[in-house]
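Quick note: the sequence shown uses this note's numbering, first residue 45, plus one each step.
If you are wondering where the hints come from, they were derived from the structure by calculation, not from laboratory data. You may find that some hints are simply not true.
Derived DEER-like restraints, expressed as beta-carbon distance ranges [as the list claims (entries may be wrong)]:
#1 I81 to L45: 48 to 58 Å
#2 S72 to C51: 23 to 33 Å
#3 I55 to N75: 27 to 37 Å
#4 V47 to N75: 48 to 58 Å
#5 C51 to T82: 38 to 48 Å
#6 L52 to C83: 40 to 50 Å
#7 A76 to V47: 28 to 38 Å
#8 C83 to T46: 52 to 62 Å
#9 V47 to G69: 25 to 35 Å
#10 V47 to S72: 33 to 43 Å
#11 I73 to S50: 30 to 40 Å
#12 S54 to C74: 24 to 34 Å
Where is the CB? At the ideal position from N, CA and C, for every residue including glycine.
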Amino acid sequence: LTVVASCLHSIVNAIASVFSAIIGGIASICNATISCITCQGCGGGRRGGGTRAGRI
45 LTVVASCLHS IVNAIASVFS AIIGGIASIC NATISCITCQ GCGGGRRGGG
95 TRAGRI
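Based on the provided sequences and hints, a complete structural model is requested.
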């Protein structure tokens, strides 16, 4: 039983590491996409806010 338990434990650890890697990759991709969208939106708004220079 101890051998089976240790084997299952190693399998569970391997699956957990794979899931964490996949989730981490998805999270990083989502963060990059969100930051890109917000940067383009806010940055574009700020650049468009260059009308301030026009006001000056």
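Going through the hints against the structure:
1. I81 to L45: 48 to 58 Å: At 52 Å between Cβs, range holds.
2. S72 to C51: 23 to 33 Å: Distance hint for S72, C51 holds at roughly 32 Å.
3. I55 to N75: 27 to 37 Å: holds (30 Å)
4. V47 to N75: 48 to 58 Å: violated (42 Å)
5. C51 to T82: 38 to 48 Å: holds (46 Å)
6. L52 to C83: 40 to 50 Å: About 45 Å separates the Cβ atoms of L52 and C83, which means 40 to 50 Å holds.
7. A76 to V47: 28 to 38 Å: Given range 28 to 38 Å: violated, Cβ gap about 44 Å.
8. C83 to T46: 52 to 62 Å: holds (54 Å)
9. V47 to G69: 25 to 35 Å: holds (33 Å)
10. V47 to S72: 33 to 43 Å: Given a distance of about 38 Å, which is inside 33 to 43 Å, the answer is holds.
11. I73 to S50: 30 to 40 Å: Given about 35 Å between the Cβ atoms, the range holds.
12. S54 to C74: 24 to 34 Å: holds (30 Å)
Comparing the model with each earlier hint shows violations of hints 4, 7; every other hint is respected.
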